[in-house]
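Peer 1: Given the coordinates of chain A, assemble chains G, S and D onto it according to the supplied hints.
As they're listed, the protein sequences go chains A, G, S and D. If you read the first sequence in full-length UniProt numbering, its first letter stands for residue 1, the second for the next number, and so on. If you read the second sequence in full-length UniProt numbering, its first letter stands for residue 1, the second for the next number, and so on. If you read the third sequence in full-length UniProt numbering, its first letter stands for residue 1, the second for the next number, and so on. If you read the fourth sequence in full-length UniProt numbering, its first letter stands for residue 1, the second for the next number, and so on.
No lab work stands behind these hints: they were computed from the structure. A couple of the hints might just be wrong.
Straight-line Cα separation of at most 30 Å, DSS-like style, residue types lysine-lysine; simulated pairs [stated by the list, open to error]:
#: 1; chain 1: A; residue 1: Lys-117; chain 2: S; residue 2: Lys-240
#: 2; chain 1: D; residue 1: Lys-352; chain 2: G; residue 2: Lys-66
#: 3; chain 1: G; residue 1: Lys-252; chain 2: D; residue 2: Lys-333
#: 4; chain 1: D; residue 1: Lys-122; chain 2: G; residue 2: Lys-3
#: 5; chain 1: G; residue 1: Lys-213; chain 2: G; residue 2: Lys-359
#: 6; chain 1: S; residue 1: Lys-254; chain 2: G; residue 2: Lys-374
#: 7; chain 1: D; residue 1: Lys-112; chain 2: G; residue 2: Lys-273
#: 8; chain 1: D; residue 1: Lys-112; chain 2: D; residue 2: Lys-87
#: 9; chain 1: S; residue 1: Lys-55; chain 2: A; residue 2: Lys-374
#: 10; chain 1: G; residue 1: Lys-252; chain 2: D; residue 2: Lys-55
#: 11; chain 1: G; residue 1: Lys-278; chain 2: A; residue 2: Lys-273
#: 12; chain 1: S; residue 1: Lys-55; chain 2: S; residue 2: Lys-12
#: 13; chain 1: A; residue 1: Lys-374; chain 2: A; residue 2: Lys-433
#: 14; chain 1: S; residue 1: Lys-36; chain 2: S; residue 2: Lys-55
#: 15; chain 1: A; residue 1: Lys-359; chain 2: D; residue 2: Lys-112
#: 16; chain 1: G; residue 1: Lys-278; chain 2: D; residue 2: Lys-380
#: 17; chain 1: G; residue 1: Lys-278; chain 2: G; residue 2: Lys-295
#: 18; chain 1: G; residue 1: Lys-66; chain 2: A; residue 2: Lys-416
#: 19; chain 1: G; residue 1: Lys-295; chain 2: D; residue 2: Lys-352
#: 20; chain 1: G; residue 1: Lys-241; chain 2: D; residue 2: Lys-40
#: 21; chain 1: A; residue 1: Lys-295; chain 2: G; residue 2: Lys-241
#: 22; chain 1: G; residue 1: Lys-245; chain 2: G; residue 2: Lys-295
#: 23; chain 1: A; residue 1: Lys-301; chain 2: D; residue 2: Lys-87
#: 24; chain 1: D; residue 1: Lys-240; chain 2: D; residue 2: Lys-254
Owing to the predicted nature of the structure, the values given are computational and were not obtained by experimental measurement.
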Amino acid sequence: MAKHATPLLDQLETGPWPSFVSDIKQEAERRKANPDNIEYQIPVDVCDDLLGILEMSYEDGETHWKHGGIVGVFGYGGGVIGRYADQPERFPGVAHFHTVRVNQPSGKYYKTDYLRKLMDLWDFRGSGLTNMHGSTGDLVWLGTTTPQLEEIFWTLTHELNTDLGGSGSNLRTPAACLGQSRCEFACYDTQDLSYHMTNEYQDELHRPAFPYKFKFKFDGCPNGCVASIARSDFSVIGTWKDDIKVDQEAVKAYVAGEFRPNAGAHSTRDWGKFDIQKEVVDLCPTGCMSWDGSKLTIDNKECYRCMHCINTMPRALHIGDERGASIFVGAKAPILDGAQMGSLLVPFVPVEEPYDEVKEVVENLWDWWMEEGKNRERIGETIKRQGFQKLLEVTGIKADPRHVQEPRSNPYIFWKEEDVEGGWDRDINEFRKRHQR
Amino acid sequence: MAKHATPLLDQLETGPWPSFVSDIKQEAERRKANPDNIEYQIPVDVCDDLLGILEMSYEDGETHWKHGGIVGVFGYGGGVIGRYADQPERFPGVAHFHTVRVNQPSGKYYKTDYLRKLMDLWDFRGSGLTNMHGSTGDLVWLGTTTPQLEEIFWTLTHELNTDLGGSGSNLRTPAACLGQSRCEFACYDTQDLSYHMTNEYQDELHRPAFPYKFKFKFDGCPNGCVASIARSDFSVIGTWKDDIKVDQEAVKAYVAGEFRPNAGAHSTRDWGKFDIQKEVVDLCPTGCMSWDGSKLTIDNKECYRCMHCINTMPRALHIGDERGASIFVGAKAPILDGAQMGSLLVPFVPVEEPYDEVKEVVENLWDWWMEEGKNRERIGETIKRQGFQKLLEVTGIKADPRHVQEPRSNPYIFWKEEDVEGGWDRDINEFRKRHQR
Amino acid sequence: MAFISAGYNPAKPMEGRITDIGPRKYDEFYPPVIAKNKGKWLYHEIIEPGMLMHKAESGDEVYTVRVGAARLCSVGYVREICDVAEKFCGGYVRWTTRNNVEFMVEDLETAKALKADLNSRKFPAGSHKFPVGGTGAGITNIVHTQGWVHCHTPATDASGTVKVVMDELFEEFGAHNMPAPLRIAMACCLNMCGAVHCSDIAILGYHRKPPIIDHEYLDNLCEIPLAVAACPMGAIRPSKTEINGKTVNSVAIKNERCMFCGNCYTMCPSLPLSDRDGDGLVIMAGGKISNRISNPKFSKVVVAFIPNEPPRWPTLAKVIRQIVEAYRTDARKYERLGVWAERIGWERFFEKCGLEFSEHLIDDFRDPAYYTWRQTTNFKW
Amino acid sequence: MAFISAGYNPAKPMEGRITDIGPRKYDEFYPPVIAKNKGKWLYHEIIEPGMLMHKAESGDEVYTVRVGAARLCSVGYVREICDVAEKFCGGYVRWTTRNNVEFMVEDLETAKALKADLNSRKFPAGSHKFPVGGTGAGITNIVHTQGWVHCHTPATDASGTVKVVMDELFEEFGAHNMPAPLRIAMACCLNMCGAVHCSDIAILGYHRKPPIIDHEYLDNLCEIPLAVAACPMGAIRPSKTEINGKTVNSVAIKNERCMFCGNCYTMCPSLPLSDRDGDGLVIMAGGKISNRISNPKFSKVVVAFIPNEPPRWPTLAKVIRQIVEAYRTDARKYERLGVWAERIGWERFFEKCGLEFSEHLIDDFRDPAYYTWRQTTNFKW
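Bound-form chain A, shown alone (with noise of 0.2 Å):
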C-alpha cells in the first residue's frame, strides 16, 4: 500500500515505454518489504515521499525543491549537489536529497561485479535512485543525507577505489564516446584521453578555481556521438590528414546491393536500390568524389572528412592512417549570452601519450580565462568578448583561415600601435603645417 496517493503520477504507468514511476513504486515496495534486512541509513520511506512531492507538482505545476546549500565532503568544492524539500513536514523521507556524483568509468563500460558493489553503497546509504547516468556523464545519485556524505565518499575511495565528478566552478566529469574500443571510426582513443586528462587534472575537478564550470568531452570521429562540439568547453574531435582507404571490390559490393546502405540503419523502410551517385557520390558537400561504373574516386585533397561517405559505406571506405584530432573550444548552452558551439582553435594535433601536446593547449586557456574570466563567465563568453584574436595570442597559435567559416564581413579591423608605420602619436603642429584649420 502507497504511502501517497498517486492518481496523476499512476497515468505514467501506462504505455509502452520504462515507467520510472513503476520503477520507483517497485523500489518503495521493496525498501518497505526489505527483503534483505539491510540497515537503511536514511529512511525507509525516500521513495514514497519522492513520489508524495512529486505528486505534489503534477497537482500545482510547480516544483518544490530549495536551493541546495553548500553541502560535500572535506577537501572537496564539487561533486556533491545540496537540495532539500520545500514542504518537509509533509514528506519528511526526502526533506534532506542531496545528490551525489560518482565519476563514471570512461566510455561507461561496466562489470557486474563492480556495479551490484555501488547499487548495494546506494541502497544503504541512499535513496536507491539514480540517474544512469547524467548529462556531464557521471554515475547519479539521487537524494541522501547530509551525515552520510563522508561515510559514502570514505567506502568509494576505500572500498570501490573509484572518486566523485565535478561540480560548481570547476572541471567537470570528462566524458568520452566508446572510441577505438567498438568502433571502426574513432581516429584515437577517447578513453584513453578522458582518463588520462580526467587523472592529470584531479585538482581542478575537485578544487573549484574557475570563474565557472569547465567541460572536456572527447568524440572519436566528426560524427560526434558524444556531442563534444555542442557540449564542452574543450572538446577534442578525432579526424585524420591522408586519404581515406577505399576497397574498391567492396563499393562493387554495395552497389550490386550485397551490403545494406549505411550498416543497415534504414531497414525497416523501402528506400529502392542503393543509388550510388545520389546517395554518395550527389550528397558529398565538397563534391570530391566521382563513381565511373567501376571505380569511386575520392580527391581526398578537397575532402572535408564529414564521414558522410564512410558511414554510408563503412565495408568499403576507412579513416585514414596519419590520425589525430581537431580542438573546438567554447561550447555551452544558452544561459546567458546565447548559445555556442565549440569554435575550432587547433585543426591538428596528435592524441598520443603523454598528451603533452592536448594538456600544453588546455593549460594555455586556463592560465587566461583564470585570469580575465568575469564570475560565472565560461570560457565561450570570454572569447568573445576579448576576441578570437586574443584566443590565438594566448595559446601560440597563428591565425589560419581553417579558424572561421568565412572571413569578417565588417572592415573594423582593431589595429595595434606596433603595427603601423610611424605610430600613433603625431604632432598636432606638424598636421597643421599641411592642413589649415
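Peer 2: Showing chains G, S and D alone in chain A's frame:
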C-alpha cells in the same frame, strides 16, 4: 601651359581606361581659352587648382578638404554640401568648392537639349566638373562658391524645371532601375513609383526632420540592378505570385543551340554546348524544375523566383502576370553598427497608382522612427535596437515565416504580461503557502 | 535505523583519507572480445533495429543488443540489468551517452535469445523494462534533465514529459523508419543542464512570469549585488521597500525587460519564478551535432509555448508527432530534420507540420538576431 | 568676372521663388522606341560585349551600346556625349547605375557604326573616352566615391584607384570572359557613401591611426558631447588639458579601443585621422546583390591592408588581378565570386588567390563575430 606641375597625376593619363586627369586638364585648358566668351562666375582656374590640390594629396597621402559648414539654399536643409580647401592661399580657385546635387530623372534618361542646358549652367556658375552620377543617384556638380548657390537654384527651378536632390538627415533622392522602359523582367513601373514617391515626399526630401538619412530605391526584379536591398532603407523589389510562363518551343531552341544561353552573356569564352540539366535544372535553388528531354516542368509553388532560369533562357521563360513587389527595410553601410541588408517586411504589395499601399508602409515607418530613432540612427539600427516585432507592430503587419530566414535559435522570448494567463502580479504569501522558505 | 560508519572519523577527517584517485580505469571493464580487438575493428552492421554487429580484423564479431531505459532508475532496476548481463554477457554491460544500455555477446544466436529475454521483461503495470531499439535511422532515447523530481529551477517535469513522448514514439524507437537519425532532447529550464540546443527536436521548460520578490526575507537570504549582477538584461536594481512599517533593502525588477531565464533565482532564493500558468514548454527543432554532409546546427524555436498538462502532456505529444510525421513523410533519405527544413524553407516547415508561426519565433535577442531575418527575395508563397 | 544674377533677390528670397517641384518627369526623355514599347518587351540579347538588343512584342528592336566613363567628368565630356547622341540617337542618352553611358538606336547597322565611333574617341594622352563594354559575364565599371578629389574624410583617392584598377582590367571590360558578372566597388572611407559591402570585390579606404587631438581649438570648433557620443566604441571622454599654461576643455581618447571609423572627425574637425602611413586600403570580396541562385551576400575582408601608393597603386592592381584570375580560371559557369569562395572553402580561396591570411581577417566586432568562426570539422587541409 598648366598652372601647377602634376607629375604624379600625369601618370594617370596613361592606360586605356578614360582618364579623369586628361578630362580635367582639357577642361582647364578650355576654361582658359574660353572660346565661347563665357563670363565665368567662379574662378577660371578652378580646374587647375583642383588638379594642384589633388597633386598635393598624391604627394602627402592626405586629403586637403575641410569640413563643410552649413551652406545651402533658403528653406532647404539639403541638396548642397559645403566644402573648403585647407590650403586656400595656394589653391584659391577651389577655396570654396561646394557640391550641388541635382535630382536626376528617374532611370537616368536624358535628352541632349536638357543635358546641354544643365552643362551650360554649371559651366557658367560652377567648376564645370560633375559626377554622372553620384552614389545615391543625383546628378552631382562639384565645386562652386556660396554666392552662386541661390542663382543656380533659381535657374534650375525657373528655367530647367527641375529641383535639388537630398542630403543630410532627410529623405535622399530616390533612385530606380530602368524598369519596364527597357527590361522584360520588370514586375512593376519602377520609374513611375520613384517619380511619384519623390514628388509625394518633397518636404521630407528638402527639410531635414529625420534622425538620419533615409533612402528609397526601386528594383524591378530580384536581379536587383539598382542594389536596393543593400543600399536603401526602404527597398521595393518587383515580384510575382503566379506561374513562370514557359514557351516550350523556345526551350527546345535553347537546348538545340539555336539561342545563346543567358542572352549571350558568356560569349567570349567557350563553355561548351548548353546543358539545360546542368545549367538550369541542377542550379535551381529549390530544385523545383525538371527536364525530360522535351519538356521543362516547373513546380511553381516551390519556386523562389530567383531569376536564374529566366536570366538563362530569356526567350523561353517569362515572369508571371500577377505582379507586385516585396518591401525590405533597413539596409545601410557599416557605419556605425555594422552593415545591414534590407529585411523583408512586406512579402507582397500591389504596386499601382496612386501607390497607397506602399505609402502607408512608408508613413507608418517614419512615424515610429521619428519618434523613437536616436540622433544619427538609421532605421535599420532602430529595428535592431527595438526588435523586428516592434516593426511589425508599428506597421500593423502580421508575423509570417517569410519574415525570417530561420526562426530564433535562442529561446529568450520576451513574453508580454497580457499574453500570460493570470498576469504577472502574484502574492508572495500565497506562494509561500505552497513553498516554504 | 542506527548510524553505521564506514570508517570515517569526523574528528580526524584527514585520517586514512583517500582523495583524487579518479574513476576506475575503463579497461578493467572491457568484455574479452573488446579488449582483444580494440582499435582493430573493420566495420559494423545493424542486423536489425537495436542489434549491432561489429567485425574485427581478427575475424571476431561482437553483437550488441541496445535497450532503452529511463534515466531515472532504481538500484533494483540496475540489479536486474546485472542479472541479464551475468546470464548472457559474462557480467559485462555498458551505457550509452543517451541513457541506453548495451549488452554484448559474441554470436548471433545468443544475441537473439538475449533480445527475446529483454523484450519480455515488463513492469507490473505493463510498460517495458528493456525495450530493444534505438539504432540507425530511428528515434532513440531522449536525453534529459531532472525536472520536478530533483531540481529547484524547472519549469516542467523532465521524466514525465519524456515518458509521454517516448510512449507516443515507441514504435519508432524499435524501427528504422526515419530518413536519418532523429535525436530528441529535453531540458527543464533555460539553464539546459542537458544542453538541448543542437537537437533535431528539443523540449524545453520555460517560465513566462518575472520573479516574485520576497521583500521581507530577501536581504537576509541573498547578496543583493549578486542578484543584481545575475540579470543578463540589467532589469534588476537595488531598492528599498516598506514591510510592516519597516524599511528593508530589497530589489526592484523592470518586468518588461525580463526574459525569464531564472539566473537571478539561482543567485537569490527570494526571487522565485515558477508558476502554474506561466510555466510550460518551448519546442525547438532542426539542430544537429554531427558534421555529416552539413555543419552542426542550432535548434530553432518552432513552438513558442505549450502549457504544462501533467500527467500526460497531450498537446506536447501531439505537436511532436506532427513534426515527426511531416519529417518522416517529406524528407529525403539521409536528410536530418534541420536540413530538410532548410531545403524546403521554414515557411514550408510550418505549413507541413501544421504549426502556427507567431512573432515570438522571430529573434529579438541582441545583435545576431538580425542575421535570422529574411534578407532576400528567395522565399516561397 | 562680374556677378550676374539669374533673378534671385537676396533681399526678398521668397519673391518668385519656386520650390519642391521635384525632378523632370522621366518619360520626357524616352527615345520614341522606348516610349512606344514600354512594358511590352519580350526578351533581350547581348549581341556582343557592350551591345544589347531588346525585342518588343510589337516586333520593334532597340540596340543599346554601352560605354564606360569616369564618374568624375567635365561639362566638355558630357557635351561630347551629347554630340554622339545627337549624331546617332536623336539626342537621347542615358546613364546606368554604375556610371556607364548607354546610347540607343533602332537597327544593328547603326549600332555598329555607333560603336566604331565611340571606340575611336580618345583623349590626347591616349586613354579611351568611351570604351564599349560593361555587359554580361564581364567586369563592368567600378562605382565609387569622391576620395581626395572632394571629401574631408577619405583614407585614399577614389578616381585614381579606380583608374588604375580599370586599366588593369580593361580587357575584361570589353569581354565576356568571367564565369558570371563581376562587380567591383570602391569607397574611400568606412562611411561608404558608395555602399560597397555587397560587391564581388570592394576596395575600401581605411585609416589605421586614432585621431590627433587639436586640444587648443577643440572646444571652440566642436560640441564636446557630440564628439563623445559619436564614438561607437565609447573610446572618447571629455577631459581637460593644459595648453600654454591655460586649462582648456577637450577630450581624451582610449587609442586601443579606436576602430578608426572617423565618426568623431565627422562630428568634430579637431580630431583629424588622416595620415600618410596610417591610411591605405582594405580589400573585401565575395559579396553580391542579386538573388540569383543564392541569397545576397556581404563582402568579406580578404586583405587587411594595402598601403597608399599613388599615383598608380601597383600593389592594389596586382592583388585585384590575382583575385580576378583565380576566380576566372577556377569558378564554374554562373558562379559568382562569393559562391565560388564558399564552394571551395575560404581556406582554398586564400591559397588560390595567393593571399595571406592574418588574424586581422577574423571578426572581432561585437556578438555576431562568433558566427563567422569555424564550428565544424568540415574544413580542408
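Peer 1: Compare the structure with each hint and give your call.
Peer 2: Tested hints:
1. The straight-line distance between the Cα atoms of A:Lys-117 and S:Lys-240 is roughly 55 Å, outside the 30 Å bound, and the hint therefore fails.
2. Distance hint between D:Lys-352 and G:Lys-66 is unfulfilled; the C-alpha atoms sit about 42 Å from each other, more than 30 Å.
3. Note on G:Lys-252 and D:Lys-333: the hinted pairing holds, with a Cα-Cα distance of about 21 Å set against a maximum of 30 Å.
4. Taking the CA atoms of D:Lys-122 and G:Lys-3, the gap is about 24 Å. The hint holds against a cut of 30 Å.
5. The hinted pair formed by G:Lys-213 and G:Lys-359 meets the criterion: a straight-line CA distance of about 18 Å does not exceed 30 Å.
6. For the suggested pair S:Lys-254 and G:Lys-374, the alpha carbons sit about 22 Å apart, so the restraint of at most 30 Å is met.
7. Distance hint between D:Lys-112 and G:Lys-273 is fulfilled; the C-alpha atoms sit about 28 Å from each other, no more than 30 Å.
8. For the proposed pair D:Lys-112 and D:Lys-87, the alpha carbon gap of about 14 Å is at most 30 Å, so the pair holds.
9. With a CA separation close to 50 Å, the supplied pair S:Lys-55 and A:Lys-374 exceeds the 30 Å bound.
10. Only pairs whose Cα atoms come within 30 Å are accepted, and G:Lys-252 paired with D:Lys-55 is accepted, the gap being roughly 20 Å.
11. Under the criterion of a C-alpha separation no larger than 30 Å, the hint pairing G:Lys-278 with A:Lys-273 is consistent with the structure, at around 24 Å.
12. With a CA separation close to 54 Å, the supplied pair S:Lys-55 and S:Lys-12 exceeds the 30 Å bound.
13. Taking the CA atoms of A:Lys-374 and A:Lys-433, the gap is near 48 Å; set against the 30 Å cutoff, the hint is violated.
14. Of the supplied pair hints, the one linking S:Lys-36 and S:Lys-55 holds, its CA atoms being roughly 12 Å apart against a limit of 30 Å.
15. Taking the CA atoms of A:Lys-359 and D:Lys-112, the gap is near 72 Å; set against the 30 Å cutoff, the hint is violated.
16. A hinted pair counts as satisfied when its Cα atoms are at most 30 Å apart, and G:Lys-278 with D:Lys-380 qualifies at roughly 26 Å.
17. Our distance criterion of 30 Å between C-alpha atoms is met by G:Lys-278 and G:Lys-295, whose separation comes to about 15 Å.
18. Pair hint G:Lys-66 plus A:Lys-416 holds up; C-alpha atoms about 28 Å apart against a cutoff of 30 Å.
19. Note on G:Lys-295 and D:Lys-352: the hinted pairing is violated, with a Cα-Cα distance of about 40 Å set against a maximum of 30 Å.
20. Our distance criterion of 30 Å between C-alpha atoms is met by G:Lys-241 and D:Lys-40, whose separation comes to about 19 Å.
21. Restraint check: the Cα-Cα separation between A:Lys-295 and G:Lys-241 comes to about 46 Å, which exceeds 30 Å; the hinted pair is violated.
22. Proximity of G:Lys-245 to G:Lys-295 is assessed by CA-CA distance (about 13 Å); at most 30 Å being required, the pair is judged to hold.
23. In summary, the hint linking A:Lys-301 to D:Lys-87 is not supported, as the alpha carbons are separated by about 59 Å, beyond the 30 Å threshold.
24. Proposed proximity of D:Lys-240 and D:Lys-254 is supported: the alpha carbons are some 15 Å apart, at most 30 Å.
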